[in-house]
Structures are given as C-alpha cells and as structure tokens.
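Asks: The lines below spell out each chain.
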Amino acid sequence: MGDPAILTAGLSKSYGPVRALSDLSLEIQPGEVFGFLGPNGAGKTTTIRLLLGLIRPTAGRAAIFGLDCHRQVVAVHARVSYLPGDAGLWPSLTGEETLHLLGKVHGRVDLVYRDQLVKRFNLDVSQKVRTYSKGNRQKVVLVASLMSRPDLMILDEPTNGLDPIMEHEFRGCIQEAKERGQTVFLSSHILSEVEALCDRMGILREGHLIEIGTLSQMRHLSALTIEVTFEDEPPDLSGLSGVSLSRVEGHKLIFHLSGSVKELLELLGRYNVTGIISREPSLEELFLSLYGESEPVGEDEGVAS
Amino acid sequence: MLQAETVRSAKSDRSVWDFVIARHMFRRSISSGLLWGTVFGVFVASSAFSYASVYGTQADKNKLAAAFGANVSTSALFGPGLKINTVTGYTAFHIWLTIAIIGGVWGISTSTKLLRGGEDSGAWELLLAGRTTRRNATAESLLGFTGAVFAAWLVTAAITVGSGRAPQFHVSAGSALFFALTLVSTALMFMAVGALTSQIGASRRQAATYAGWILGASYAIRMVADSGTGLHWLIWVSPLGWVEEFKPLTYPDFLPLVPVLCFTVAVGGISVVLAARRDLGGAILGDRSHAMAHFALLESTFRLAIRTLRPVLVTWGSAVTLTGLLLGYVAYTAGQTLSNSSLNGIYAKLGASGAGVKVFLGVSFIVLAVMVAFAALGQVAAIRLEEAEGRLEQLLSQPVTRTRWLAGRLGIAVADLFALGILGGTAAWVGVAFESNAVSFASLFAAGLNVVAPALCIFGAAILTYGVLPRATAVVGYGLFAWSLLVEFIGGIGAMNKWLFDTSLFHHMAVSPTVPPNVTSDLSMMAIGLIAATIGCVAFSRRDIQGR
Ligand SMILES: Nc1ncnc2c1ncn2[C@@H]1O[C@H](COP(=O)(O)OP(=O)(O)OP(=O)(O)O)[C@@H](O)[C@H]1O
Ligand SMILES: [Mg+2]
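So the protein sequences, as listed, match chains Y and E. For the first sequence, the numbering used here gives the first residue as 1, with consecutive numbering after it. For the second sequence, the numbering used here gives the first residue as 306, with consecutive numbering after it.
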C-alpha cells in the first residue's frame, strides 16, 4: 500500500577503484527498526550518506517514502533526521544554542520532548561544545536527531562514546519511537543493541549485502551448538550429515549441527546419554561465523532440553 | 651487562630525542617559509630598484628625505627614516615594517596552527601517543619552526645579496645577510609568542588572537617611542622596537640581537614549561566553558554564517579602515615631495592628473588590494572548513538545499569584499582630509571599488576549485594570489615579459587614484569572478560532500 520508508535498487558507490558499496537493494517498511551491521569499512556510512543525498551514487537509486533521495532532498529531509557517525559541531556554540539552531533549520521540533530528552540524557546544555567530552557531544547530536520526532531516523553508530546508563536510556528512546510508529535505520557495531532493538537486520561485507532478515531467520541459516554428555566414551558422529566442528572434552561432545535434528536423535537413542544442551547462536556468533572467524563455542547461557 | 641495557632503555623511555617531531614541524612549515622568504627578498629588490629609477636625481632624493626626515607622524607610523636620500636607506625605511608585520603574522599563524590547531583537531594527540613527553615535543616543534625561519632567511638573503650586486643598489654581501636577518627576526620571535599563547588560549583562534594583541601592542609601544615625546627608551620594551634598532643598511647595530634572542629563548622556554604542566587540550586562561545562551542569528543557515563570521568580518573591516586612514594621512606629506619631481613625468605618460598625493596613493593602494584579496580567500577557506570538519553534513541533512547554503555564503563574502573596498577608499579620503582637500571623495571611492576587482576574480577562481576539487581549494586560491603578488612585485622592477606580467591579476588593476579605474578591465575581472563562482556553485550541488 504506502511507500516503503527506504527503498534502494542496485545502489552502488565507487571511490575511484574502491567499490565502497555494490548493488544494494533494500526495502524497509514504515514502522520497522532496521539494524545495519558490518565490519569497519564495509560501507555502512557510505550507504547512509547516499540515502541522505550527501554523496552521489555511481549507479542505482534510492528513495525515502517514495521521494527520490537526490532530486527531492528537501522533501526527504523534512521527514528524516540524521545522526552522523563523525559529527562536526560549532565549537563556540553552547549545547542549547546548537539544539536551537538545528531545530530552527529543521523547522519541526517537539520542544517539550526536547527538554525531556536533555534531562533523560543528563546533558548540561549551557556548556560550550568545545569543552564537551566525546560522550556529551554525542548526546547533543542524539537529542538533535530525536527531538523532531521524524518519520525516519537514520542513525550512524548512535551510542558511540555513551556510557552504559546512557546507552540504556537510548534503547528506551528507540523503543518509544517504535511504539509511535517511527522508522529507525540503525547502523551499529554493538550487536547486543541491534539484537535487542531491531526487527530485521542486514549484514554488509566489503560493500555487499550478505545477509538480511529477522534474527530467527538468520539463525535458521546457521548451526545450533549442541553439547551431549555420555556415560562412556563419546561415539564418532562425523558421519552424520550436518555435523561440523566436533570437539571432545572428556565424556562431553561439543559440535555444531545444521539441518534436521531427527537423524541425530535416532543415533543418540542408541547410547547412554546423561545430558544434552542445545542453544541457538547469538548474533555475535552469527556475525563472526559470517566473517570466517573461528566459531567460538559458548559454555554458558545454555538452554537445557 | 644486562643491567646496563635495562637502565639505558628506561632512560630513553623517559625522553625520546629523535627529532621526529622537529622534522615533522619543519616539513609542515618549510613551504610557507620559502614562499615568504621569496616574497621578502623580491620586495627588497623591487623597492630598491623602483626607488633608484623613480627618484633619479640626488635633488629628488634630498627633497623626499627632507619631507620625511623631520616628520614626526611618519616616524611614529613607520619608524624614523634614516638616510632616505640613499637607495639603501630608503629601501630599509620603506619595507622594514611591512615585512616585520607580515613575518610576525606568519610566525603566529604557523605556530598556533601547528601547536594549538593540532591539539584542537586531535593530530597532536596522535603525534604524542607514547613517543615522547609534551615538553620535549613542544621544544622540538620550536626547533622545527626555527628551521623554517632559517630557510626563509636564506632565501631572503640570497635575493638581497644578488640584487645588492647591482650598481644602483650596491650592498655588500655582509650587510645584505644582516639586513635579511633583521627582516626575518620578527617571524622568529612571534613563532615563540604563538607557541606561548597556544598554551594559554583555549582554541587556535584564541591563541592567535592573544598573539595578535602582543604584536599590536609592540607596534603601539614603538609608535609612542618614536612620537618625539622624549619616551624613546620605550623602543627597548617592544619586539618591533628591537627590529627597528637594528638599523640595517644605515647604521647597523648588532646589540638588539641580544634582546631578540633572549626574548625568543625565554618565551619559547616558558611555553615548553607550560606545555609540560597543562592538560592536553586544556588552557591556562581557559575561556568560559559555560555561557548564557544567545539565540540571535541562529534561525537559519544564512544567519548562522553571519554569526560565525562576525569576528572575521569585524577584524578585516577594522584592519582595512585603519590602513586606509594611515595611507591617506601620510599621502599628503609624501605627495608634496613628489609633485615637483621627475615622478610626474613618468605618471604623466600614464595619464596621471598630476597631484603627488594621488600618485602616492596609487602606489600604496596595492596594500589594500592585497588585504581585500586575502580577506576573500579567508572566506573561501572558512567555507571549505565548514565542510572538512563535518559541520556542513549536519546542516545539509536538514531540509536545506546545497545551493541555498552556498549562495548565502557567497552573498556574504561578495558583500564583504565590496564593503571592504568602500571602507578602504573612504577611510583613505578621511585620512587625506585631515591635511588637505587635494583628492576628491569620488576618486578615492572609485579607487576603493577598484581594489575589489582582482579580489573578486581570485575569489571566483577559488570557489570554482571548491566546487570541483574541494581538497585543492587552498592550494589553488593561495597559489593564484601568491603568484599574482610575486609577478606584480617582480614586474614592478621592470624587465619582465609582457605576457608573464599579464598573468598577475593585480597588474590588470589600474593604479587608482593616480589614474581613474579601468572600468572595462575591472568589470571583466568581476564578471569572471562571479561567473566562476556560479559555476563552482553548480558543481558543488552535484558533487560528493567531502571531509578532510
Ligand atoms: N571519501 C572517500 N574516498 C575514498 N574512499 C572512501 C571514502 N569514503 C569511504 N571510502 C571507502 O569506502 C569503504 C566504505 O567506507 P564506510 O565509511 O562506508 O565504512 P563503514 O562501514 O561505515 O565503516 P566503519 O564501521 O568503520 O564506520 C571503505 O573502504 C572506505 O575506505
Ligand atoms: Mg561508518
């Protein structure tokens, strides 16, 4: 029915020989909280700057609420707020002056909400930007991007530099925005944050979108971690389809299983099994496995079955 | 054995004197050192040769000397004219103060940029990380700057020695070396002052402002000392006074080297000590970290630009007004001596209307032209800085078009350039009016507008570069400016290929108010500037926003 909040088709950006972003096609619906992940230099900031029309695509196009990101920037920006990853502010202005300026230039600010945010983030707005710590500077841009209650918030590493209490406060703000039906596009390195906040997420590597979906969809693509404790020496399971990376610790066998558990259960039925723990991979494990790191096998937070 | 190893490594951990930072700072300041060294040298040669050719007869020279020698006001403004009936005496008198002030400004801007500016941007933190202490790093930086001043001295000296061999100028190699040394000595002292205020101020701008005040105060003190009120001893309290007391080429004196060197070492030493004591990024005279909110001019990107540029606009406005006043004020005295001399013949060929005052002003207005062009480049640099430091990204992600933002900035800059031209011309008229009504307001007003033309042309070229290749903005803008200035100076000596001379934008500006402005050439330069700026604006709206 309505236009998607963000729609990109074949969006690409090259800096000379460097392909920062290749052929990104993405559709995000209004009201979604979308997490955008990827290692350093993957192209997250490049994507965001393309969406805002700050840089021009080498190929492809992007639209926000059906408006072209390059030809209709003013109309797009009226519905969007942006938190830059590397924010530049006017050193001689105070926090309050900065917020006033950005509010006036944007044109739509919920002043009551702004003051609430300032309190919640415990920000001293009478201080000059020059003398702010990194975290306090980040709070200024954070308040600035939340205060207009825009239809779409594009946030590039928003909690960079925030302490855990403030990060918690930020999560609360995003939850509220979600309840109000605002759309959020969140680029982050903090996987627990994305895991807690986002409905869907995309993972970028070297400019290519390599995964997209909900966390549970992604988990299906990945293996379960299973620990089976036997009364005697563990049997060899390597013949079983879908089993990988087995490791033996005494009477305990630890391995990954992808695909069906039926065959495994039939096989285990023939042995004296004293315990079995299976757990889904965390986003962190998913993330690491996608980048070909050695997959860590968790010891705790198991789910007994 | 082993123990000795350990002891040595522990010792070298504490203070690393590998001169990496000294070399780094030297590399960062050497190009401006060579540039200014060249400009100083060419300035010396051009003054000497133009004096020799303009005041052809000894009678002319004596008349000039008589007018300036006894004049208290010119002596207060420019220092006493010693032996100005000789080429060497006149040259020393004519250029020492200009070069001393340019050298001082260069010193301040280099050291505050590399020390305080580096601290503001975080570059200093990287440079320091783990390597060395801040005390050593500051000391090494000062060493690097001294190297750049030394290079400037070598270049100025080489040009002075070379031109001193010409029979008209006739200066021995030794005197030329000493003369060049006195010319760069202000740069050395004010590099140290800049290093000191970098420890005191809370930002680069503040550090540069404090150092600027010290330069201004030392000018004011020597002005009082030379005002003939019996306070001449005050000359020994002012760094510029020491430079004046060198009296190179006339009554050379090495004694002022003592205060110059002591001052440099003491000020440099204090800044090294302060650097060790204070926090990185902190300030001794911290500016207020808290302030009452003032919401004036924070309503739109255009008004924001006015607010952030306000100090710059005011500074340039006052500098141009003051210069105009001074030029106008001395023009009468200087012009008196010219009106009956052979100079008239030369300018009559160019269509000069005759009055010596106008001739003097015509030659001097190049100073205003240079200042206005410099202000224009400052505006472009500020535009680029807004983008490089990521503030523009913040603004352009709001419902604001790029064209609107840039057009606003261009509008402010162009209006400022015209305002500066008009201020300069009007102030010169006021200055002249103290002494006589020899020059009409209309002709000085026109001469003021005349200096806007080359500035606008350079401005347009810089904006075009900004639109197409933002990272090259400064190089192209300041390059074109320095080139034009250099060619204008060298061309002034004579003996230059006409085509090469034409590449200087200042050469296309008529020598007003001596002759009326060349309207066609002025309008062409302005039109070229505005068209280039417009193309730059269009190119800007189509390119990527680029950080550093
Ligand atoms: N202006 C530029 N010129 C040249 N290359 C660039 C430019 N901007 C980005 N790149 C390159 O594009 C690639 C993607 O960069 P981008 O900033 O989008 O990464 P990112 O995913 O945001 O990384 P990070 O997590 O470190 O913020 C990198 O290889 C980077 O070096
Ligand atoms: Mg990034």
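Some hints could be false.
Only pairs whose alpha carbons sit at most 25 angstroms apart, straight line, appear in this in silico SDA-like list of lysine to any residue [to be verified]:
no.: 1; chain 1: Y; residue 1: Lys119; chain 2: E; residue 2: Lys418
no.: 2; chain 1: Y; residue 1: Lys119; chain 2: E; residue 2: Thr555
no.: 3; chain 1: Y; residue 1: Lys104; chain 2: E; residue 2: Val780
no.: 4; chain 1: E; residue 1: Lys368; chain 2: E; residue 2: Met597
no.: 5; chain 1: E; residue 1: Lys368; chain 2: E; residue 2: Asp807
no.: 6; chain 1: E; residue 1: Lys418; chain 2: Y; residue 2: Ser92
no.: 7; chain 1: E; residue 1: Lys418; chain 2: E; residue 2: His329
Derived from the structure by calculation, the hints contain no laboratory data.
Asks: For every hint, state whether the structure bears it out.
Replies: Hint-by-hint comparison with the structure:
Using a Cα cut-off of 25 angstroms, the hinted pair Y/Lys119 and E/Lys418 is violated, with the two alpha carbons roughly 37 angstroms apart. Among the hinted pairs, Y/Lys119 with E/Thr555 is inconsistent with the structure: their alpha-carbon atoms are about 71 angstroms apart, more than 25 angstroms. Between the alpha carbons of Y/Lys104 and E/Val780 the distance comes to roughly 35 angstroms, so the proposed pair goes past 25 angstroms and is violated. Of the pairs offered as hints, the one joining E/Lys368 and E/Met597 is violated, with about 60 angstroms between alpha carbons and a cut-off of 25 angstroms exceeded.
With a C-alpha separation of about 34 angstroms, the suggested pair E/Lys368 and E/Asp807 falls outside the 25 angstroms cut-off, and the hint is violated. In summary, the hint linking E/Lys418 to Y/Ser92 is supported, as the alpha carbons are separated by about 18 angstroms, within the 25 angstroms threshold. Distance check on the hinted pair: E/Lys418 and E/His329 sit about 14 angstroms apart at the alpha-carbon level, within 25 angstroms; holds.
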